[in-house]
Amino acid sequence: MENLQEQASTGSRINRASDDPATAYRVLGLNSQDTSLQNYIDNLFGVTQALEMASTTISNLATEFTETRTRITQITNGIYDEQGRFRIAEGINDILEQAVFLANTKYAEQYLFSGDDTNTAPYVAQKENGEIISVTYQGSSENQEVEVAPGLKSFSFYAGNDIFRSSNRGTPIFTGNTGAKAGTGTSNVTGDVWLTVTYDVDHYKLSIDDGASWVDVPAGGATNQAVTDSQTNKVLYVDSTEIDNTGIDKVSVTGTYNIFDILMSLRDTLRNDRVLPK
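The numbers in the sequence shown follow my numbering, run straight up by one, and end at 279.
No lab work stands behind these hints: they were computed from the structure.
There's no promise every hint is true.
What the hints assert, rightly or not - Dumping the calculated DSBU-like pairs for lysine-lysine here, alpha-carbon to alpha-carbon at most 35 Å:
1. Lys-128 to Lys-251
2. Lys-235 to Lys-206
3. Lys-107 to Lys-235
4. Lys-128 to Lys-107
5. Lys-182 to Lys-206
6. Lys-182 to Lys-251
As the list claims (entries may be wrong) - What follows is a list of derived Cβ distance ranges for each label pair:
7. Arg-88 to Asp-245: 35 to 41 Å
8. Ala-227 to Asp-201: 16 to 22 Å
9. Gly-171 to Asn-234: 20 to 26 Å
10. Thr-185 to Thr-247: 19 to 25 Å
11. Glu-98 to Gln-75: 18 to 24 Å
12. Phe-66 to Thr-255: 17 to 23 Å
13. Asp-217 to Lys-107: 46 to 52 Å
Since the structure is predicted, the reported quantities are computational estimates derived from the model, not experimental observations.
All C-beta atoms, glycine included, are put in the ideal place defined by N, C-alpha and C.
I would like the entire structure built from these sequences, with the hints used as guidance.
Written as structure tokens, this is what we have:
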């Protein structure tokens with residue numbers, strides 16, 4: 002009688018496991034499955050939202066880059082004079098700032114492009130005189146996985162290096178008239194760097210940080226001379242055995258370009274810092 006009264010008052014036939022153990026276990030199992038299903042739904046929603054925001058961010062960047070390419074094409078066709086090139090360089094600098102900002106976009110207080118280290122800002126910009134001179138990735142190299150169904154996982158947060166940088170390092174290509182060539186070591190500089198060669202009394206000197214630091218070339222040169230950027234600590238290995246002239250060589254490290262290096266190189270070149278004729 003007491004059980005019937007309790008069932009009438011609660012509207013439930015089973016109020017405790019002892020009322021009907023077999024049915025109670027089935028109910029508990031259904032509740033557990035319902036909780037798991039809701040977790041998967043929440044995970045899937047989170048992944049969808051994160052990917053949509055990432056897609057929007059990348060689309061915004063693509064729009065900026067398309068506009069930049071249009072302007073570069075106009076420059077090569079001779080549409081802009083020196084002042085026009087300088088104005089475009091300033092615009093590219095603004096795009097560079099925006100690119101770093103977008104690459105550090107957050108969703109739900111987590112960085113979209115820092116891989117599975119979502120609490121760390123993926124990109125840090127080093128500035129000199131108020132302008133970006135280098136951008137370093139400090140996020141994870143692993144994408145973050147989320148389980149969206151039993152045994153099925155999906156990436157929700159991606160490693161920025163997989164998106165914004167190519168990773169097929171080639172041998173540095175030297176363009177210039179100094180006679181410098183790629184050394185035998187594996188350089189860790191990326192994108193484009195500029196090798197400055199000067200002559201001091203009785204020997205050549207090398208720099209890749211615009212003269213902030215120098216490396217002396219020994220008599221006869223060396224096949225694998227390390228030239229370090231004092232600002233970034235990155236190294237370019239140079240074969241200096243055939244150097245016979247002073248000047249500035251452009252060194253392109255194929256397979257290492259990222260969007261930030263490209264924008265910085267375009268900005269500096271358009272300002273006529275080194276190579277464009279006036």
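Distance restraint hint 18 to 24 Å, applied to the beta-carbon atoms of Glu-98 and Gln-75:
holds, 22 Å
19 to 25 Å as the expected CB spacing between Thr-247 and Thr-185, which holds or is violated
holds, 24 Å
Check the hint pairing Lys-107 with Lys-235 against an upper bound of 35 Å on the C-alpha distance.
holds, 29 Å
Given the hint that Lys-182 pairs with Lys-206, does the C-alpha gap stay at or below 35 Å?
With Cα atoms ~15 Å apart, Lys-182 and Lys-206 stay inside 35 Å; holds.
Is Lys-128 close enough to Lys-107, meaning Cα to Cα at most 35 Å?
With a Cα-Cα distance of about 22 Å, the restraint between Lys-128 and Lys-107 holds, given a limit of 35 Å.
Range hint 46 to 52 Å: satisfied by the CB atoms of Asp-217 and Lys-107?
holds, 47 Å
If I claimed the Cβ atoms of Phe-66 and Thr-255 lie 17 to 23 Å apart, would that claim hold in this structure?
At 19 Å between Cβs, range holds.
Sort out whether Lys-206 lies within 35 Å of Lys-235, counting only the CA atoms.
Given that 35 Å is the threshold and the Cα spacing comes to 18 Å, the pair holds.
For Lys-128 and Lys-251, compute the direct alpha-carbon distance and say whether it is at most 35 Å.
holds, 22 Å
Holds or violated: Lys-182 and Lys-251, Cα atoms, limit 35 Å.
holds, 11 Å
Is 16 to 22 Å right for how far apart the beta carbons of Ala-227 and Asp-201 are?
The hinted range 16 to 22 Å holds for Ala-227 and Asp-201, with Cβ atoms some 19 Å apart.
Distance restraint evaluation - Arg-88, Asp-245, Cβ atoms, bounds 35 to 41 Å
holds, 39 Å
When each numbered hint is compared with the structure, no violation occurs for any of them.
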